Every structure is written in C-alpha cells, then in structure tokens.
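Colleague: Put chain B on the given structure of chain A with help from the hints.
Protein chains: 2
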Amino acid sequence: MISRLQMAAILIAWSLLSAARADEGMWLFNDPPRKLIKERYGFDLTDRWLEHLQKASVRFNSGGSGSFVSEEGLVMSNHHVGADCLQKLSDKDHDYYRDGFHAKTRAEEKRCHDLELNVLMSIENVTDRVNAVVKAEMTAEQAFLARRAIIAEIEKESLDKTGLRSDVVTLYQGGQYHLYRFKKYTDVRLVFAPEQQIAFFGGDPDNFEYPRFDLDVAFFRAYENDKPAKIEHYLKWSKAGAAENELIFVSGHPGRTSRLMTVAELEYQRDQRLPYILSRLYRMEVLLTAYSARDAENARRAKEELFGVQNSRKALNGGQAALLDANLIKSKKAAEEKLKQAVKDNPQFKDAASAWDRIEEAQKAIGQHAVRFNLLESGDAFRSTLFSIARTLVRAAQERPKPNRERLREFGESGRESLEFQLFSEEPLYDDFEQLKLADALTWMISQLGYKDPLVQQVLMGKSPQARAGELVSGTKVKDVAVRKKLYAEGKAAIDASNDPMIKLAQLVDAEARAARKIVETQNEIKQQAHAQIGKARFAVEGTSTYPDATFTLRLAYGAVKSYEENGRRIPFQTSFAGLYERAGQQKYKPPFDLPPAWVKRKGKLDLKTPYNFVSTADIIGGNSGSPVINRQSEVVGLIFDGNIYSLALDYSYTDLLARAISVHSQSIIEALRKVYDAGKLADEITKSR
Amino acid sequence: MISRLQMAAILIAWSLLSAARADEGMWLFNDPPRKLIKERYGFDLTDRWLEHLQKASVRFNSGGSGSFVSEEGLVMSNHHVGADCLQKLSDKDHDYYRDGFHAKTRAEEKRCHDLELNVLMSIENVTDRVNAVVKAEMTAEQAFLARRAIIAEIEKESLDKTGLRSDVVTLYQGGQYHLYRFKKYTDVRLVFAPEQQIAFFGGDPDNFEYPRFDLDVAFFRAYENDKPAKIEHYLKWSKAGAAENELIFVSGHPGRTSRLMTVAELEYQRDQRLPYILSRLYRMEVLLTAYSARDAENARRAKEELFGVQNSRKALNGGQAALLDANLIKSKKAAEEKLKQAVKDNPQFKDAASAWDRIEEAQKAIGQHAVRFNLLESGDAFRSTLFSIARTLVRAAQERPKPNRERLREFGESGRESLEFQLFSEEPLYDDFEQLKLADALTWMISQLGYKDPLVQQVLMGKSPQARAGELVSGTKVKDVAVRKKLYAEGKAAIDASNDPMIKLAQLVDAEARAARKIVETQNEIKQQAHAQIGKARFAVEGTSTYPDATFTLRLAYGAVKSYEENGRRIPFQTSFAGLYERAGQQKYKPPFDLPPAWVKRKGKLDLKTPYNFVSTADIIGGNSGSPVINRQSEVVGLIFDGNIYSLALDYSYTDLLARAISVHSQSIIEALRKVYDAGKLADEITKSR
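Chains as they are written, first to last, in the working numbering: chain A, 1 to 690; chain B, 1 to 690.
One or more hints might be untrue.
The list cannot tell twin chains apart, which means a pair is met if one copy fits it or any two copies do.
Below, computed lysine-lysine pairings styled on DSSO-like, alpha-carbon distance capped at 27 Å [stated by the list, open to error]: (1) Lys452 to Lys330; (2) Lys161 to Lys55; (3) Lys303 to Lys479; (4) Lys536 to Lys364; (5) Lys340 to Lys536; (6) Lys452 to Lys314; (7) Lys344 to Lys227; (8) Lys350 to Lys340.
Calculated directly from the structure, the hints in this document are not laboratory data.
Values in this document were obtained by computation on a predicted structure and should not be read as measured data.
Chain A with its partners taken away, still in its complex shape:
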C-alpha cells in the first residue's frame, strides 16, 4: 500500500510521460471518439449503440450517475450516491445509511424525499443561435444579459414544444452551447442498499487506495403514476464480467475538470480558489467530527455531510498537490506557448491573440470579488438548509414576476418544476445541527470579511455567531413545508410582510450577493468569449477531435481493464471476496475493517473466488460515481465508485500511467445479493434479461 505522500514524487514522472494520452477523454455523445476507438480497439461506435447507452444512463440530482438495469425502472448506482436519500429517509430509530435497506416487495420500496433522476433524451447544438445575439459593440454585461435571455428563450421554447426539462449547457468554456432535453423522474424509491460498512470497507485508510474491497452499490426504482416506470433502454447484465485488457465503456456525469483552463486560470485555482475551499473544508471536517463524537444520534445526523466533506477535502488536496508540482504548470505553459505562437503566425486567428490576456484580467477581477461571492452568493456565510430555503423563497418572489428572459438562470421556467420539487422537500431538519453549521459559517464569514465589515455587523445584530445562529434557527418558520408553500405562492407581498428572521437575513444580504454575482457573471462572459476564440484556434491547429471539460452532463469514457505497476510491484487488475476477508483479518476486524454481521455469518456460502473490485484506464472524475461500466455488447460488467490516489490529478490532465478508475465487479453484486442479502428476486430482475 502506498502512502499519499508518495504521490507527488510520482506525479513528476507522470507529467513528463503523459504525452501519449492513451484512453483519454470524457466525450460528448453527439461527438464521440469513433475514429480513436476504431483505431485503438477496432470497435465501431454505432448510432444505435450510442443512443441505447445514452438513454439507459441516469443522472442523480444529488450529484452522481446511474443506469437503468431492468425494464421495470430499476436504477443502479453507488451507495454513496444514494446516501443523500438514505440519510433523509433515516431517523433516530432507523439508520438506513449505516445499516442498509432491502425492500422485499414493491410495496416496501421507500420513496426518496427529493431525489430527481434525469435521462438525456436529445442534444441540439444551439451555439450559433446563442452567439448571434451577442454583438461586437456590446459591453460584457450587455453580452451576458443577451446570452442569458436567449438561453432562457431556447429552454422555454423547448419545454413548451417537448414537455421535457430543457437546459442549455455551456461547453468548451464557452466555445459551444448545446440544448439538452431530459426526461425527469421525481418519484424514485429505494430498493436496496448494503451496510455502509461494506460499501465503504476500509474507510479513510483505504480510501483512494487500491486494492479495494467495497460493495458500493445501491438500487432504486423510478416510478411514473405510482407504477414502476416502463423502460425501453436499459442495460443487460454480463454473464462473466470483464477480462483483463478488455475494452470497456463508462457512461456518466463527470462533474468538473479543469483541463482546458489557461495557465492564469490554473494559477488562480492553486493560489486562491483551492486554499479558500480547503480552509473551509478543514474547519467543517473538525466541526462535524467533534459534533459526531458527542453521541450516536449526532453521528447519524452528520454522517453523510461529514463523508462528503472528507471526500471533497481529499480530492481537492490531491488536486492542489498536482498544481503545486511545478512540472504540471510547466507542461501546461509549454502547450499554451505553442498555441499562442501558432495563433500569432496566423492572421485568421487575430481575435485569439489577446484572448489569454483577457482571461487573465477577467480572472483577476473575479479573484478580487471571489470571497464576497463565495460567502454571500454561494452562501458559505450561512451554510444551513434553512437559510437556503429562505434565500430561494426571497429570490423566487423577486424573479418570478419578471419575464422569463430576464430572470436569474435558476428561476427560468424550464427548471421550475425541479426547483419546486427541491424547495418543498420534506427532508428532516435538526435545529441543533442547523445551528451548529450556521454559527460556524457566520464565524467563517467574520474571519473572511472582518468583524467590522458593515454587512457583518448587520448580520450579527450585536450578537455572537452562536447566539445569532440560535435565534435564527429557532425563530424561523420555513422549517414547515406548508409555510414555504404559502410564502412561495403569495410571492413578494408575503415575503416583504414576513417577520421571519431567516427570510429577513436572506433579504438583508441579497443586494450584496447579487452585486458580487453580477461581477462574476460579467467577467465569466469575457472569459467565455476569449475561450471560444482560443478553442477555434486550437481546433484548427491541433486538427483533432477533442472533448470539453466536465460539466456534470453525460459523457462517454472508454479504456481497458488494466493492472499497473507501483514502485516496481504489479497491482492486480481485480480483487476477490477472498481478499476482503484477508484484509479484514490482517486488520483484526477493527473499524473501519470490521465486517457487517451478515458478511461474517454468510462467509461459508459465498464463492470466495468471485471477482470483487477491478480497475480500468477509463477517464473519470467526481460525478462519475455510479456510472455503469459496460462491454462492447452494452452489458454491465461493473459499477464505477472511485479512483485510486493517482486519479486525483485527473482534474488537470489525463494519465494512464498509474491513475485508475475503480469499479465494483458485476459478479460480486449478484453473488452478494443472493448469498448475503437473500435478495434473489432483485438479482433475478437484474439478470433475467441476459
């Protein structure tokens, strides 16, 4: 097992050797790497194959991916993607997140409070229409508003025409705009989840390492009209799973990468954005850990959030380590210089010549307002669900009376149903936990803006963060969904008349929050225009097909199931159940290496040679969690759930030297369902189609 410390040293080798690129790419379904895959693997990506996979892929609005695996609406994803629903369904007497869940009948399937699934039905390139409204003589602010207006119009038009949720997605940092149409499922029910102990076996010590032994799987079912949804495009189950070196595909929703960023943007990440976020994550991790230590019920309430904070902290720490390796920036600089030179030599790209400088300037301006933006607009100063609810109510009252074209994007007609679905969620909220987080967030705000900042003083009202958080949380009525519905329906008059302290807080900070947002949006418009120019030049110069940075929209990755060599040692491409029991034994079954009771009891029943986790070279990142791994025949051979430690640098650049995606093997899912969980019916549903 390698320590995380050794990463950086190895990264150096990586950044020098990664020129080959290999199985790189998070490809658009409407611009897939047909030629590359044909050349490397001799496989033809047909339109039918792509359409089937696209429509079998599912996006979780809680952040993650999934896929349909039966014609009756069964959806497979990770335990940690389902965590949000598991956490919200739990109470002090039932901890499904920790203990797992199994609906033996349809009637027992439990409806998630606010889980929405999206299936991408079509993609339309609307770049020309979006760009047509932006005139050369416009200021950046005018350009941003014009672009926002046309996007709202396109989305609304599409919604009216198709009835589908319609989102215009910005790709290539502004190089292209595509209209994505989604079928929505909002009645989603929990079918099965194992114990967190086995889903996250090995806990923090083994996390981001490999070999791994995690059954990070969960099943849900999409319903329509109170009946299981009838699904045309679902994935069949592979009999054998994937062999070593076999070609596999991953279809999922990578959240965010930064590979097309300019050097100035990367340096901003390194010098400002990541230090800020990490600092905030460190304090949240300590806060949530200390709160959890107080008693079991606290631990239950904070568990999913703590898990998320820890995962982000680890991922961003890895990203920061990559950026602090001078070789990464050096190679990015070299590539940038080469492109700049090409642009300079070609009058056709005259516009692009100054693009890098414009991006740098805009990034600087964003940087100057980033703290206020993060605190007030992103809400870091008020991190609590109750504040988010109050803020949405306040803004909805302002935005909804406006013409659709002029609203803040999240209040556009096309997204209205999804927004209301979230806003009226009956998820359980806990006053003490809300207060804890809000008090800490207020303290964080003070540390960032200074105690004497006028807004800070207005927010605190002469009270300490703890006292202020206490009165806000205990005083607000927006805990009550009926109150939310009423305020939302009655709109501005009701909001203005409200004495609710959390509503008043959201009103108080709104003007400054909007001001910060406006600056960032305007500067982003400048960056997008510049990136579009650079993108055109890059395409002309490099002459190859490429893929945009990740944007939490559907992408296709591919690669091979493949072992790797670490410090002269060959790391196997897959593990087995036998390895799980060995690892637990080595660690004397001490947490986090303890096994759930069922796994101890049923050991004798299991075929211990069953492959458990495996690695592949597919290009994935956070958001891909829960993505199906399929073979040439579109059969499920695995389920993405993590990357090894080397994959933490993939945010900035792809490498297959040591970075690997880690999946649960399809066979282990079936074996565990049948032998450990007595979930033969579920296993039958999944496998019967093959």
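Modeller: Just chain B, lined up with the frame of chain A:
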C-alpha cells in the same frame, strides 16, 4: 449536559454580571492577595506558608505544573502533562501513553528523554535596573536592544552568583521585570501513569464539560546524582480532601491570559491572530486524524500531538467565541474609556494619554508582519522536529560567538544548559511523520505567502511540498544526536561547510525570519513602554492591588469548592466512582466511554462512594494543568486538570458565575492506586507524612 453551542448565550449574562470579580486572580508569590483573602475567608497568608508552597511547586518544561509530594523527590502532575514523556518513552511495542506505566521498584523508574523540572527559589524585582538603561531619546529598536542586553547581564550575573537558572520575566505587559531563580532537575523519571482511557475518560464528548470522571494523574521522581532528590518543601496529603465551600489554593503556572490587553489588542486577537491559528489548527487536526486512521502505529505516533492540537483548538475556539460576543468588547471598552478619562484629567499621567494610540499603532505594525513572523520565525512553515533542531544548530553557531548581552534571548548563558538538554534529546523521531507534517507546513506556507513569493520558490526548489519534504527528511543527518553534538561543538565553520539539506533550509530562511522578529520585537518594546505607563495610571486610579496576565510563571490562585447552576439545574461540586460506572453504563461502554480492563475487574474492590472529580472557583487557565489544590494546612486535596466549558472565556476576563476549575480529588488518587493498580507502596509514600 450542556452543549457548547449554548455557551455564547450564557456568556452574555456573564459579561454583564462579572463585575463582582469574586475569587479572581493569578497572583504573584511576591505580591499575594493577603488582604482579599483575609477579608473574604479570614485566612492569613504568612510568609512561611507562601515559601513552602512556592518551593513545593514544580514547573514542567513540556508545559504544565506539578508539585513535590514526598521527601524523596516524588512529583505529582497530570497524565496529560506527563504525556510528552510517556509518548517519547513509547515505541511500537510499548505504548505507555495509552496503556499506562507502573514502576514497582525504584530501579524500574524510567528516565524521561528531555523533561526538565523547575522550582522557583527566589524572586527579585529588577524593574528599575531594567528601565534605567532605556533613555527617552532612544528609538524603540535601541531601547529593545538596551533592555535585552541588561536582562542578559542580570541573568548571567545571577547564574554566576547562585548557580541557578535565572530568568528575567516581563510582567504587567512591561510594567515590571522580575528576576526568577530556578532550581533545575533534568534527571526525571516516570513512576506511575494510568491508562489514557481513564485519564481522559469520556474523551472529546465530555471534554470541557462537567460532571467529569477522569483520573488525570501521573507521578514522576526527580533525581540528583542518580539518587532520588531530597526535598525539603513537599506537600502533605489531606486525609479527607476538601468539603463543599471550603477555601482552597492552587499553585501553578498559568500559560497566557489577555486580560490587561487594550481593546485594540483584543481586536487584533479576534480579527487576525485567532483566525490564523485556528485555521492552522483545523488543518493539522485533519492531517493528524487522517494519518492516525491509517494504522495503529500511526495513531500511536501522532497521539500526543493530535491531543494537543485538539485541546488548543477547543480552547481557542472558546476564546474566539468570547471575543465575538460584542458584550465582552463593550465592557472592555467602557473600562478603557473610564481609565482614559482619569488619565486625561490628571497631569501626572500625561505620558499615558497617548499610550493606547501607541499600542494600537504598534499592534497594527505587528499585524502587517505577523504572517511572515509566524511562518518563518515561529516556524509554522516548517513544523517538524528535525527543522527545529537544524534551526537551533544554525542559530547557535551564529549567536554563541557573540557577547552574551548581544545574543538572541534563547541563546543567553543562563538558559544554555536547558537549551542543550533539549537539543540533544534522544527522543524517537519517525521519518514518515516528520515528512507528513513538513509537507503540510510547506503547503500552509504557500497558502499564506503565495506560490510565487521568492522565498517560497527558494524553499521549494522547483519541487512539490511533498517531494521537497521527502528529500529534506530523508536527507538530513541531524536525526543523529552525535551529529548534532558535533555540529554544535564545531560551530559556524562546520555549519557553513555542511551540506545537510535541513541545515541549508534553516540557513536559507534565517535572514527573513530575523527581519520579521526584529520588527515584532521593536514594536513590542513600544507596546511595553506604553503598557507600563497605563499600568501606573491604573494602579493610581483603581488603587487596589492587582495581578499581571499569565506568563507561564508561578502564580497563586484561590477560591472555594463550589457547585453551580446551569439552565436551572444545580451541578454538584463533586462526582464519585459510582458516577464513573454509571456514565460508562449509560454510554454502553462504547469508546470513549469504555473502561480499562483493570477498572472493570476491580470495581468490586473500590469504595464507589469515593469522591472523584470536584470543581472550584479558582482562577486557572492552560498551564495550570497538574497544579496541586491545597487547603489552609497546605495539604493536597486535589489536582487541577481542566476547566469546564465556561472557563474557556477566562483568557479575557474572570467569572465565577459558571466557570469552574476541575480537579481530581485526592482520595480518588489513593483509592485507585491501592485498589486498581496495586500501587500501595506509592500510595504509602504519598500519605505516610500526614
């Protein structure tokens, strides 16, 4: 049990009600509160009584207090004060810190690697002599150097005359200078420590709460010439312990309070110093926790440091919460205004009129250089024992050839033996742990100074923090004490010729570190002069005897054993062993509420009615850990080990409304030694004198 969240609300009441002052004060032994105690408790502090207590009190150089409790050199303190020695004596096969230790014979007593004990033998007020060298026409820098020179001279003169370690201590923020002479013990051996589980029963959840159930005690023995030291002044053991409302005294070494700070200084704490330190502590806590989770040996290596980080984080969080309560600053401001007014009306205090402004200016200047000072001079950028060693070697080579008067204070002749004792410690060091901390510290430095800072670039040498830390730790030879001794003995020529990477790093940053230190020292001189003027005015105006802020020197506190009321509930003044078993049972013996096996096995033997922990109104703070609690007859009735959550605000102002010092009861120590640990011989040694 009250949650920490509720503190702030109660603090408000506190800051309004604390005018009474009650049992306030960390008093100087040469200026004790005779009159106050006589008035409040009818007790006469005699010179003999004071001298006896003073000479029975012991300071631990690892940070903490203790007392002699037998004529054969036996010293009592806390488990957590002894932790530094326990940790360093442990290895992968023996974890004395976790499992405890008991020397059944003198021969089994284990010598601590680098524990030095100091006993205060005399105090001399040298204020006039120190101030005489500072002339009105001097710049602040000249004044600082003149003052440092005379202090070095006084110390050296005293050392030569008495052979005792001699330190000039700055009191009242510069109002007075006292010469303290200490007898040193450097052969200190571990006699007894219980399991950390029982010393810190209840762990984080119960920490800073009360009722508590901790046996936070450890015994050491001071040796001279390889024989137990013969001690004239040691404390006898009380038969019964303290009764409710009984007068008690605490003699110990409170580390640092900020009660005499001006409002400008307090605001600096709130706005700059505490956010900086807390931010650093948060990331260290996450780092050490994640490292500890990897395996048991990691956890053992990091345990004491993690414990320390968590304790600091909690204490400073509490302090920050107090400062963010507007009422605290408001009451401080009111007091300051009153004093300013008195000064203005009295031509005698003309000098003092501008003192507050001068302090504010100087504080601002310090603030502007604080980050560089913290990183480079305090070493936050290089947090690792190996760097500290290299730095000491580099500076010793520069300083030792200078005349004593001109050296940096820590290289003065008077402290030489103590410095060498530390420098040549054989404490175990672990490469992986040193590297982990150093890499994180380098990353912290980058986040504070910026990646492009020239010094950052020189430090990193084009490598990532992880890679650079790796080569520094694996490359340095100063791990070897023989190498340290050689470099120290050979001095500047050897250091300059050295290719040791850690030595080179310490050299590289030395000029900037010294520059930052010079600024801070000069501005502190300005502050000290101003504080001295304010102090004179305050004394004249308030007309009462007072005590200086804590400085990790010996102080006398007093108070009563006293219950308190929290949310309408009476909190008992003491707990019992019966309560320990009840609390463990309530929590189902789950960590941190599990009991060591011996405590489970011996429950039947114990008198469960034995008083265990008790609270008093004595004015204590961090550094007082291990202080003896004695009665009028100078008999030990308890052992300070913590404060309740309300005591976290004592840094800034005293209150006895809810704040309480928590002690281990004398009887519980004897009962546990005899019945749980079969340490009757040790119990006999302690109690035979009574």
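Colleague: For every hint, state whether the structure bears it out.
Modeller: Evaluated hints:
1. Proximity of Lys452 and Lys330 under a CA criterion of 27 Å is satisfied inter-copy only: 14 Å between copies versus 41 Å inside one chain copy.
2. For the identical chains of this complex, Lys161 and Lys55 are intra-copy neighbours only, at 20 Å inside a copy versus 91 Å across copies, given an alpha-carbon limit of 27 Å.
3. Taking the shortest alpha-carbon separations for Lys303 and Lys479, only the intra-copy value of 21 Å comes in at or below 27 Å, while the best inter-copy value is 41 Å.
4. Proximity of Lys536 to Lys364 under the C-alpha cut-off of 27 Å is restricted to the intra-copy arrangement: shortest distance 24 Å within a copy versus 51 Å between copies.
5. Taking CA atoms no more than 27 Å apart as the test, Lys340 paired with Lys536 passes inside one copy only; the shortest distance there is 12 Å, against 69 Å between copies.
6. Proximity of Lys452 and Lys314 under a CA criterion of 27 Å is satisfied inter-copy only: 24 Å between copies versus 34 Å inside one chain copy.
7. Within a single copy, Lys344 and Lys227 get their C-alpha atoms no closer than 61 Å, and across copies no closer than 83 Å, so neither meets the 27 Å cut-off.
8. For a Cα distance limit of 27 Å, the shortest separation of Lys350 from Lys340 inside one copy, 11 Å, qualifies, whereas the shortest one across copies, 68 Å, does not.
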